[in-house]
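Following the hints, complete the assembly by docking chain G onto the known chain F.
Sequence order for the protein chains is F and G.
Residue numbering for the first sequence follows the working numbering, beginning at 14 and increasing consecutively.
Residue numbering for the second sequence follows the working numbering, beginning at 14 and increasing consecutively.
Please note: incorrect hints may appear among the correct ones.
[What the hints assert, rightly or not] Distance condition first, Cα-Cα at most 25 Å in a straight line; then the derived BS3-like pairs of lysine-lysine:
no., chain 1, residue 1, chain 2, residue 2
1, G, K357, G, K390
2, G, K357, G, K367
3, F, K238, G, K238
4, F, K367, F, K390
5, F, K357, F, K367
6, F, K372, F, K357
7, F, K372, G, K238
8, F, K252, G, K390
9, F, K390, G, K390
10, G, K372, F, K238
11, G, K252, G, K238
12, G, K367, F, K238
13, G, K238, F, K367
Please keep in mind that the hints were generated in silico from the structure rather than gathered at the bench.
Model, not experiment: these values are computed from the prediction.
There are 2 protein chains.
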Amino acid sequence: MSEPVRIGLLGRGTVGGAVCDLLEDRADAIREAAGRPMELAGVLTTSQGDFDSILADSDLIVELMGGTDDARRYVLAALEAGKPVVTANKQLLAQHGDELFAAAEASGVEIRFEAAVAGVVPIIRTVTEAFGSVPFTRVFGIVNGTTNFILSEMAETGASYDDVLARAQELGYAEADPTEDVNGADAAAKMAILARLAFHAPVTLDQVSFEGIESVQPDDLSYAKELGLSLKLLGVAEKLEGGIAVRVFPCFLYPGHPLAPIGGPFNAVTLEGPEITEVTLSGPGAGGPQTAAAVIGDLISIVAGNRVPRRPEGPIEILSDVESSFYLHLEVADRPGVLAEVAKSLSDAGISVKSVVQKGIGDDARLVMVVHRCPEKEFMGVVDEIADLDYMRSRPRFIRVIEEESV
Amino acid sequence: MSEPVRIGLLGRGTVGGAVCDLLEDRADAIREAAGRPMELAGVLTTSQGDFDSILADSDLIVELMGGTDDARRYVLAALEAGKPVVTANKQLLAQHGDELFAAAEASGVEIRFEAAVAGVVPIIRTVTEAFGSVPFTRVFGIVNGTTNFILSEMAETGASYDDVLARAQELGYAEADPTEDVNGADAAAKMAILARLAFHAPVTLDQVSFEGIESVQPDDLSYAKELGLSLKLLGVAEKLEGGIAVRVFPCFLYPGHPLAPIGGPFNAVTLEGPEITEVTLSGPGAGGPQTAAAVIGDLISIVAGNRVPRRPEGPIEILSDVESSFYLHLEVADRPGVLAEVAKSLSDAGISVKSVVQKGIGDDARLVMVVHRCPEKEFMGVVDEIADLDYMRSRPRFIRVIEEESV
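Only chain F is shown next, with the shape it has when bound in the complex (with noise of 0.2 Å):
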């Protein structure tokens, strides 16, 4: 195996520590996608550190510090030294993107940042790479998962947007101070992002209008309940006749639209154009470990490059014998007792039924049931034994179901 690439970080807040996490824990799997080693060259915090040195040492920047001033200057730095960074800075990009690009350009290496837009989910490799020539008419999404959250649990609690925002902070979904996202200018940032990449064009921040969800109302939200809408902050990039628009504002979305159903903390981007229709890509916004995941793959892009695709491991055991929760579809006598000897079958088999309906009379009757996880071997078996039960009108039919909590 070749000589390891030397990582210099910079910041170790929760992102910065879940890197140096996974760097550990996961050593060996990176290794195998990059193709080389990863290992720590140095850490540069508050209290520790010389941004000289490390840069000195590395052969690549991580930029997790936050901040426009002393980000900017030290990726700079590092892209005129020739070394590729990977950040997760939003803010970093969206008012300074045109001079870093420039940057990047100049000295022919690469600057990463999937983690400034929608955390893990992979919105910009989608963007620049599958969908690099690919014409875009519309880019919009859900990218503040503080704001979702918010907006979720008014809509579920009828609670007022104080009450909701206190919570939120209770569970580490909104900051101390969480005018950024409340007001809708980190969803500006973000979208000041993606618009750039999704149409060529020098989007800066203060070409972004935006608008927050602080002065949302509960009856708003009941009404909407009433109309059949939900409620979202929505970031719009979108080409009009004559320019682009690129804003962000609360918005009312249909039952079917493929925004709707994102809920709590996550964040969800809808692309559109003639030739891709419309393609969703939707997971968690934040989180340490998820935020740190993003970083990763930026870090294994960079140092892989146009690697041949990995060959497998090695066998791996090809498992038939596996759990489901399954609906029970029986057509039966309609006389008593039925119902009895049936959960007697499931019983006896250890499996419980989770909810049951019976349906019609005479020679339309029918048992309709959702039993619990079970072993398949189990529940095809007691499936053969009600299949020769004399009071069966026909042969039992069954489909799996996933439940809430489980497969």
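The following block gives chain G in isolation, referenced to the frame of chain F:
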């Protein structure tokens, strides 16, 4: 600009034709994204072309002919000649993946196949690149659009399987011989590919158990509705104690499940793991231009490799005068003629009301309405006008609405 990349195209059916169109229509964007122009070196069809001479003239082979005999021979020959391959052939990969990946590795060239699973939805590059070192616990999804269309239609209309299949064939969502789609075999091939990549396991097609949707009854769907469930044909690859299980089966999903809202011919795949929580990608799983866009994305990635992100192409107008539909909330004095006056103000500005709800009495009276898409400036003007009217008890509130048919 450097020398063109010469592409040898095998097969010119629906997708092959769409690839030819895109190479021509989108030539500038493709050259920009890839860093080099691309041109067709030759096309092999059943009636024209000779593989050996096309291979000799090409830098890269795109296999869209289907089948597993000639396709396997040609793809192996290309890889052995050190020429990268892009293919959309799921059966080829599911049945001969080991051999093809070994050949690619031996020659140090890429084989890419985004279009083989879930069409333009970038699931392959997400699993292998964005999440290249991420440990997955489960990868599951709707990977066959024909069956998803049939099940969506059955649920919506209550029609029988046979009737809906006939309709799907008319609409082009099902083939004349739909066997491979409806019996789960097509989904099984895609899950063999996904399981291989996600779990680094040499999964072959015969290790994937599959069931189809042929025996689903309208009954099952109507009972499911009562139980709050929706029916999907699901592919599931999951890590279990002692190994992995890879299966395809019809399955009921609870309402909040990320795959539950995926309707019609769309595909969607959810990736689960401790670091990423749950990431879902959805979009059109078939279609000529869509599948061709995935092929072009693969071509660009092979040619571009680790290029630095493109800089913006130049100034683009950032527009602020846009159109929206609005929800408008007015707290009004409870007296005759108020609705008429508000309606007149809107109508004078050319804004038409879509729906209106009048609520409460006395000091609690309010009007809640949704207006059709109109220029935002016009709407804001009317809101200012209405705010000044003497029966208004507080400042009007408004929120944008995204309707079914428009932004």
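Now for the hints, and whether the structure bears them out:
Distance restraint check for K357 of chain G and K390 of chain G: the Cα-Cα separation of roughly 18 Å lies within the 25 Å cut-off, and the hinted pair is therefore satisfied. Pair hint K357 of chain G plus K367 of chain G holds up; C-alpha atoms about 14 Å apart against a cutoff of 25 Å. For the proposed pair K238 of chain F and K238 of chain G, the alpha carbon gap of about 21 Å is at most 25 Å, so the pair holds. Proposed proximity of K367 of chain F and K390 of chain F is supported: the alpha carbons are some 19 Å apart, at most 25 Å.
A hinted pair counts as satisfied when its Cα atoms are at most 25 Å apart, and K357 of chain F with K367 of chain F qualifies at roughly 14 Å. With a C-alpha separation of about 20 Å, the suggested pairing of K372 of chain F with K357 of chain F holds against the 25 Å cut-off. For the hint linking K372 of chain F to K238 of chain G, the alpha-carbon distance of about 14 Å falls within 25 Å, and the restraint holds. A threshold of 25 Å between alpha carbons decides the hint, and for K252 of chain F with K390 of chain G the separation of about 19 Å falls inside it, so the pair holds.
Our distance criterion of 25 Å between C-alpha atoms is broken by K390 of chain F and K390 of chain G, whose separation comes to about 65 Å. Taking the CA atoms of K372 of chain G and K238 of chain F, the gap is near 14 Å; set against the 25 Å cutoff, the hint holds. For a cut-off of 25 Å, the pair hint linking K252 of chain G to K238 of chain G is broken: about 30 Å separates their Cα positions. Straight-line distance between C-alpha atoms of K367 of chain G and K238 of chain F comes to about 16 Å, which keeps the hinted pair within the 25 Å bound.
Among the hinted pairs, K238 of chain G with K367 of chain F is consistent with the structure: their alpha-carbon atoms are about 16 Å apart, no more than 25 Å.
This entry does not satisfy hints 9 and 11, going by the numbered hints stated previously.
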